[in-house]
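All chains should be modelled from the sequences, with the hints used to inform the complete structure.
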Amino acid sequence: MKLSILGGRVLDPAQNLDQILDVHLDQGSILALGEAPAGFQAEQTLDAKGLLVTPGFIDLSCHLREPGPSYKGNILSETRAALAGGFTSVCARPDTQPPVDTPAVVRVVRERAEAVAQARVLPLGALTQGLEGQLLSNMAGLQAAGCVALTNLRLPIQDTLVLRRCMEYASTHDLLLIFYPEDFSLAAGGCAHEGAMASQLGLQGIPETAETLALAQQLLLIEQTGIRAHFSQLSTARSVELIAAARKRGLPVTADVAISHLIYTDRELEDFDSNFHLQPPLRSEKDRLALLQGLVDGHLSAVTSGHLPHERAAKMAPFSASEPGISSLESLLPWMLQLVNAGYLSEQQFVASLTSGPAGILSQKLGSLEPGQPADLTLFDPQQSWTLNASSCYSAGYNTPSWGQTLQGRVLATLVAGEVRYRLDL
Amino acid sequence: MSLTPELLQPSVLLDRLATALKSRMAEQGIEEPLLVGIYTGGYWVAEALRKRMQVNWPLGGLDTSFYRDDFSEKGLNPGVKSSNLPLATKDRHLILVDDVLMSGRTIRAAMNELFDYGRPASITLVTLLDLQRRELPIQPDLCGQAIDLATGQRIKLSGPDPLEFNLINLKEEGQA
Amino acid sequence: MSYPANPRDIQLTAEGQLKHFLSISGLPKSLLTEILDTAESFANMGEQSVKKVPLLRGKTLVNLFFENSTRTRATFELAAKRLSADVLNLDIKTSSTAKGETLMDTLQNMEAMHADLFVVRHADSGAAHFIASQVTPQVAIINAGDGRHAHPTQAMLDMFTIRRHKGDFAGLKVAIVGDILHSRVARSQIRALTTLGVEEVRLVAPNTLLPAGVEDLGVQLYTRMEEGIRDVDVVIMLRLQKERMSGALLPSESEYYRLYGLTNDKLAYAHPDAIVMHPGPINRGVEIESAVADGPRSVILQQVGYGIAIRMAVMSMAVSGQMQERSQIS
Numbered sequence: 001m002k003l004s005i006l007g008g009r010v011l012d013p014a015q016n017l018d019q020i021l022d023v024h025l026d027q028g029s030i031l032a033l034g035e036a037p038a039g040f041q042a043e044q045t046l047d048a049k050g051l052l053v054t055p056g057f058i059d060l061s062c063h064l065r066e067p068g069p070s071y072k073g074n075i076l077s078e079t080r081a082a083l084a085g086g087f088t089s090v091c092a093r094p095d096t097q098p099p100v101d102t103p104a105v106v107r108v109v110r111e112r113a114e115a116v117a118q119a120r121v122l123p124l125g126a127l128t129q130g131l132e133g134q135l136l137s138n139m140a141g142l143q144a145a146g147c148v149a150l151t152n153l154r155l156p157i158q159d160t161l162v163l164r165r166c167m168e169y170a171s172t173h174d175l176l177l178i179f180y181p182e183d184f185s186l187a188a189g190g191c192a193h194e195g196a197m198a199s200q201l202g203l204q205g206i207p208e209t210a211e212t213l214a215l216a217q218q219l220l221l222i223e224q225t226g227i228r229a230h231f232s233q234l235s236t237a238r239s240v241e242l243i244a245a246a247r248k249r250g251l252p253v254t255a256d257v258a259i260s261h262l263i264y265t266d267r268e269l270e271d272f273d274s275n276f277h278l279q280p281p282l283r284s285e286k287d288r289l290a291l292l293q294g295l296v297d298g299h300l301s302a303v304t305s306g307h308l309p310h311e312r313a314a315k316m317a318p319f320s321a322s323e324p325g326i327s328s329l330e331s332l333l334p335w336m337l338q339l340v341n342a343g344y345l346s347e348q349q350f351v352a353s354l355t356s357g358p359a360g361i362l363s364q365k366l367g368s369l370e371p372g373q374p375a376d377l378t379l380f381d382p383q384q385s386w387t388l389n390a391s392s393c394y395s396a397g398y399n400t401p402s403w404g405q406t407l408q409g410r411v412l413a414t415l416v417a418g419e420v421r422y423r424l425d426l
Numbered sequence: 001m002s003l004t005p006e007l008l009q010p011s012v013l014l015d016r017l018a019t020a021l022k023s024r025m026a027e028q029g030i031e032e033p034l035l036v037g038i039y040t041g042g043y044w045v046a047e048a049l050r051k052r053m054q055v056n057w058p059l060g061g062l063d064t065s066f067y068r069d070d071f072s073e074k075g076l077n078p079g080v081k082s083s084n085l086p087l088a089t090k091d092r093h094l095i096l097v098d099d100v101l102m103s104g105r106t107i108r109a110a111m112n113e114l115f116d117y118g119r120p121a122s123i124t125l126v127t128l129l130d131l132q133r134r135e136l137p138i139q140p141d142l143c144g145q146a147i148d149l150a151t152g153q154r155i156k157l158s159g160p161d162p163l164e165f166n167l168i169n170l171k172e173e174g175q176a
Numbered sequence: 001m002s003y004p005a006n007p008r009d010i011q012l013t014a015e016g017q018l019k020h021f022l023s024i025s026g027l028p029k030s031l032l033t034e035i036l037d038t039a040e041s042f043a044n045m046g047e048q049s050v051k052k053v054p055l056l057r058g059k060t061l062v063n064l065f066f067e068n069s070t071r072t073r074a075t076f077e078l079a080a081k082r083l084s085a086d087v088l089n090l091d092i093k094t095s096s097t098a099k100g101e102t103l104m105d106t107l108q109n110m111e112a113m114h115a116d117l118f119v120v121r122h123a124d125s126g127a128a129h130f131i132a133s134q135v136t137p138q139v140a141i142i143n144a145g146d147g148r149h150a151h152p153t154q155a156m157l158d159m160f161t162i163r164r165h166k167g168d169f170a171g172l173k174v175a176i177v178g179d180i181l182h183s184r185v186a187r188s189q190i191r192a193l194t195t196l197g198v199e200e201v202r203l204v205a206p207n208t209l210l211p212a213g214v215e216d217l218g219v220q221l222y223t224r225m226e227e228g229i230r231d232v233d234v235v236i237m238l239r240l241q242k243e244r245m246s247g248a249l250l251p252s253e254s255e256y257y258r259l260y261g262l263t264n265d266k267l268a269y270a271h272p273d274a275i276v277m278h279p280g281p282i283n284r285g286v287e288i289e290s291a292v293a294d295g296p297r298s299v300i301l302q303q304v305g306y307g308i309a310i311r312m313a314v315m316s317m318a319v320s321g322q323m324q325e326r327s328q329i330s
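Chains as they are written, first to last, in UniProt numbering: chain A, 1 to 426; chain B, 1 to 176; chain C, 1 to 330.
Please note that a few of the clues may not be correct.
Derived DSSO-like pairs: lysine-lysine, alpha-carbon spacing no greater than 27 Å straight-line [as the list claims (entries may be wrong)]:
| # | chain 1 | residue 1 | chain 2 | residue 2 |
| --- | --- | --- | --- | --- |
| 1 | C | Lys81 | B | Lys74 |
| 2 | C | Lys29 | B | Lys74 |
| 3 | B | Lys81 | C | Lys93 |
| 4 | C | Lys81 | C | Lys51 |
| 5 | C | Lys93 | B | Lys90 |
| 6 | B | Lys81 | C | Lys242 |
Just so you know, the hints here were simulated from the structure itself, not pulled from any lab data.
What follows is the structure, encoded as C-alpha cells:
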C-alpha cells in the first residue's frame, strides 16, 4: 500500500524536525519526507492540512485486561482506545489473570493483539513466577516469546536477596527490567499522599519514602549487577533527584512519569472523588512541578498513560475501598496539550516524551519518521474540542475525572505499519 | 395612631380584656389559673393582662415551633424559644393568650403542646384581636376586638413596652 | 459518577441551609452557631416533663451502622424518637472483599424503603460523602463517624459543652490530647474550634500519634503534656485503643499513661477553671485518672446528655433543608 499524508506539520523529535512536509509511506514503512520519490504513485492520500503529524505514540505502561475478567476491558477495547488516543504501540502490564509469566500467556496476548489488529502490543513479562516475588520467572523464555521488558510492578519482592538474583539473572540475558519503586511496608494500607490533605480527610498516607527508599535500594543493586533498568511512574521530587544523580554517575537508568501526576495533585482528593485514587498516590504541587522539570531536564524521558480501566463498581465505594487507577489513554493528548499551552513543556518535549523517549527506553525501532522506520503515525488537531463520554470513549474504563468534560486536542487518524487503523469520522 | 378607621389601641383592648377576664374567672369560681402566653406577642399580652388585673397568677410561655403544621414548607425557625411552664398543667385551669387570632393553626399547635404536658381542667382562649379568617373550628372565649382586613394585610404586635399594632402589607414585602 | 465541586456544596442547599451533615469542613461559623442555638432549645426541652415533640412525625430515620457502636446509635435513636420520627436500626457487617458492592446494594435497598434520613457510621473515611453523593436527592445523610475522617455530631456536642461552660469561644485555649492520628473526633473538633474562633487549639501527643501535616489546620503541636496543657481552658482527652501498642506506635500503656495520662498533678498546669472532656468511653488508668474523670472539673457525663440535643438539632435542620429544597424543585 502506497500512501501519502499531505500538507501536515511534521513534528519528529528524533530528527529534530518541525516543518510542513508531505510524508510518503510504502510497504508499511516510511519511504520519504517532502517530495515524493520519482515514480511513486500514492494509492491513498490523507489531507493533513492544519494537523500535526508525529510518530505514533508509545505507552510504557498500560493495562489491557486480557486475559482476565472482560468487564474491565479486553485487548480489542483497550488497543482501540489506544489508537483513538494516538498510541500505535502499548506495553501491556503482566498482571493479567493469569499473569504473563510463561511464554504461553505471552503468545495468547500477542495472537489476540494481531487478530484484533489495532495498536501494536508490546508485552511486559512477569519478573517472578505469578508476580509473587519469590521464584524467578522463565526470563529467557519470556524474552524469546516477545516480552520487551520484565517487571514485578508494585508487587513486593520477598527480600533483597531475591531482588538481587532477579537482576543478576536478567543481566545474563541483557533484559530490560522495569521497576515501580515502592516499599511494601511503608505503603501498606495507604491510599493517599502522606501530608496535610490525607491527614484532614483521615485517609492513610503513603509517605514519599515508600518510593524513594525502594528506588535508592534498587539503584544500588543496579549499580552492582550492571543491568539495564527503567523506573516507571515516579511520583516524588526526591525520586527525580535520585534518578538525576544516578544518571550523572553514569548508571544506565531511565525513568518515566504518569500523565496523571503531571496534571493533578493531592488537592483533588478533597471531595473523596475515587477517580483520584491512584497508585502511586497523587502528591504535592512541589512534586508535580519537579516531575515536569525532570521531563524538561531530561532526567525523565517518557510520559506514560498508566492506563488502568475499571468497571463502574470498582470506583463506586468510599475512597480507600475503591480500586486505584485511572483510564487515561484517550485523554492523555488533551492533558499533554494543556501542559504545553500552560508553558510547562515545549511541543518538542511533549512529542518526544511519547515517541523517541519511550522508543529509546525499550530499544525498539519505533518512534521516529526517518525513512525506513515502521510507518506508525499519529495525526491530530491540537485545537479541536470534543467531549469524553460514552459515545466517544472506546475504553471499557470510564474511570477518569475528565468524564463528561470538554477536552481540547483530538486524534483524527492513527496509522500502524502504513495502514490507517483509526480514523475519526465526523 | 389609627391604622384602620375602626382599630383600637392595644391599651384600650387590654383594659377591656382585663375586666372581662377577671369577672369571668370569678364567675366560674376559678381562683388561681395558669396564664400561658404564646411567644412572643401572646406572652407580652399575658404579662400586660396580669399587671392590669393586679393578680399574682402564675405565668408561663409557650413556643409552638415544634408543633407547627408548616414545618415542611417553612422549616425550623432557628430562634426557637423553649416553652417554659412554671408548674404542672395537669388538672389545672389554663388561660391561653395570643395577640392575634387568624387561621387558628397556632392555637391548634399550642393546645397539642399543652396536652403533651398533661390533661388540663379547662382552657380559656383569650386574644387581643380576631382577624376572622379561621381555617379551623377554633373560637376565642374573650377577644379585645374583631376586625376585617383587606386581603394581603396582616397585623403584627410589637412590644413589650409599649405594645403597638403594625399593619403589614404582604404584597409590598413580596409574599413569603 | 459526578461529585460536587466542593464539600460545602454537598452539605448545603442553594440558600445555605443544612441538608446533609457530613463534616464540619465547609460549614460557615453562622451555621455552626445555628446548630448550637437550635440544640439549646432542645436541651431545655430535655429538662422538662415533656421530652417529645411532633416535628419529624411521619418521617423515617434509618440508623445505617456498618461499624458497631451501641452508644452512638442509641443517642441517635433517642434523638429521633424525641422528634417523633420512626426509627429503623440496621447493623451491617461488611466482608472486606466486597465492601463497595455491599454498600451500594444496601443503599439501593434502603432507598426502596423511602427513608427520609440516614445516619451512617462506616469504617472507611469518606463513606458518608460517598453515600450522600449517591442516594436519591431528598434523603438527608448524617455522618455518625466515617473512618478517621469526621464525627461532626460528636464535635458539635463538645462545642455545645464548651459554650455552656465557657460562654464564648473567643479567647479560649483548648488542648486535645492523645491519639490524634486515628481520631475522627479530633479532626472534627479541630475544624469546629477553629471555625468558631477559639484563640488557640493545641494537639498534644507523641510523634507517632500525630498525623503528617496536621499543623496546616491551624493548630499548635506539643509533644510534652505539661507544656501542652499549660493555661488551657479546656482539656479534651481522646480514647486510646489497645491495638495501638501492637502497631508499634507506642511502647506500653504504662509509659503512655505516665507521659500523657491526665492526672490531677498534670491538670494543675491548666487554667484553674479548666474543664475536662472526653468523647467516651473512658479507659480509666490509660488516658485519664479516675479522680479526674469523676472530679469536679470533669464534664464528661454532661457531654453525653447534650449529645441528644445536638442530634435533634442536626436532624431537624437537615430534614427541613431537604424538604425546602424539594418544595422549591417541585
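Hints, one by one, checked against the model:
1. Lys81/C to Lys74/B: holds (22 Å)
2. Lys29/C to Lys74/B: Holds: Lys29/C and Lys74/B sit about 23 Å apart, inside 27 Å.
3. Lys81/B to Lys93/C: Distance ~42 Å between Lys81/B and Lys93/C Cα, so the pair is violated.
4. Lys81/C to Lys51/C: holds (10 Å)
5. Lys93/C to Lys90/B: Cα-Cα ~48 Å, so violated.
6. Lys81/B to Lys242/C: violated (45 Å)
In this structure, the earlier hints numbered 3, 5 and 6 are contradicted, and the remaining ones agree with it.
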